[in-house]
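Participant: The primary structure of each chain is shown beneath.
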Amino acid sequence: MRCKLTVLAVMVFTWADSSAHGVIHEIEPGKTYHVTISYANGTPLASTAFEVRSPVDGLVHTVGLTDDLGRLGFTPDAPGTWIVDVWTPDGHGAHIVVPVDTDSRLPASRTVPRSGGILIGFGLILGVTAAFARHRSS
Amino acid sequence: MHVPDGFIGPRTWLPAAALAGVSTWFALRRIRQTMQAEAIPTLGVITACSFGLMLIAVPLPFGGATVHATGVGLLALRFGVTTAYLAIGLVLALQAFLLGDGGVTSLPVSALCLGLGGPLTAVVTHGLLRRVNERLARFVAGWSATVVAALLTALVLGLQPLVAVDAAGEPLFFPFGWRTVVPALVLPHAVVGVLEGLITVMGLDRWRQEER
Chain A
4 MRCKLTVLAV MVFTWADSSA HGVIHEIEPG KTYHVTISYA NGTPLASTAF EVRSPVDGLV
64 HTVGLTDDLG RLGFTPDAPG TWIVDVWTPD GHGAHIVVPV DTDSRLPASR TVPRSGGILI
124 GFGLILGVTA AFARHRSS
Chain B
187 MHVPDGFIGP RTWLPAAALA GVSTWFALRR IRQTMQAEAI PTLGVITACS FGLMLIAVPL
247 PFGGATVHAT GVGLLALRFG VTTAYLAIGL VLALQAFLLG DGGVTSLPVS ALCLGLGGPL
307 TAVVTHGLLR RVNERLARFV AGWSATVVAA LLTALVLGLQ PLVAVDAAGE PLFFPFGWRT
367 VVPALVLPHA VVGVLEGLIT VMGLDRWRQE ER
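Protein chains in written order, with the working numbering: chain A, 4 to 141; chain B, 187 to 398.
Each hint should be verified, as a subset may be incorrect.
Label pairs and their in silico Cβ distance ranges [what the hints assert, rightly or not]:
#1 D60(A) with R321(B): 30 to 38 Å
#2 E29(A) with L200(B): 26 to 34 Å
#3 L214(B) with S141(A): 12 to 20 Å
#4 S140(A) with D352(B): 34 to 42 Å
Because the hints were derived from the structure by calculation, they are not lab data. A virtual CB, placed ideally from N, CA and C, is assigned to each residue, including glycine.
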């Protein structure tokens, strides 16, 4: 019983915290594209090195540091798939794909709620081990 | 240690994927032969706890970094290296595919560093120190598993500017060398390793009590 309560407490705490360790981003299209990068709890990746690569030749188009709010900007000069890499020295960061079409409108991206992913993860772990236990006992 | 896509070049992650694939096949064979059915529910609970622990970020008072415990020491000492490897690999895969925490191409490297390097370190450290003091051995096993896993990840990341550069000599993937990435990754994990050690001690105490 205590074990089950401990697991429940971990799940609730996880839900409440909703993870600060993952990195999320928002893309704001326009003539100049703005990308805002933060940890999942909202803490911005401030003063973090970034690099933007062009889809035309794969060469570096823009380099710099994000601002205090974790924002960076670049002005694409060609349609295609632009790549934004952001690195922190401790190995965190993001590899962001920015699709740019001819009239600079960003297609809607798929967004999966993080809380749903967490629940699915717990469910899959318990389901896989339950199936394995059933297989072993039979 | 959730390394995103684009940080590790194919010269590193392709061999790592092959090694991780072979390791997974070997581990699956071994777990099918040795795992007892009564222990599997406990494995599921601890693996779920590991998944939860990796989602709880612990902010550090310096540098703005956050770190997390993993439960790798507890898994290794309770179930052994191969089972811990599969459990951690499953957790990392779920986090990459469901939550985007860590990349898919970097998954083999993360699985080998954290899932194999961590448990091996925990088991070896525990074996060396258990004659001195059992609980101290568990604590150090949890702490060292975290630190060694971080060190292995840092070594792989710091290798990238040496093995993956363009014609001008500029890094194509992770740009920081060992001198930067090793302290940036290992020092925070030396702090969170204390939490990992405590989780290992308390978790094993709990399950030993239930076994009596």
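Participant: If any of the earlier hints don't hold here, list their numbers in rising order.
Facilitator: Checked against the structure, the hints that fail are numbers 1, 4, while the rest are satisfied.
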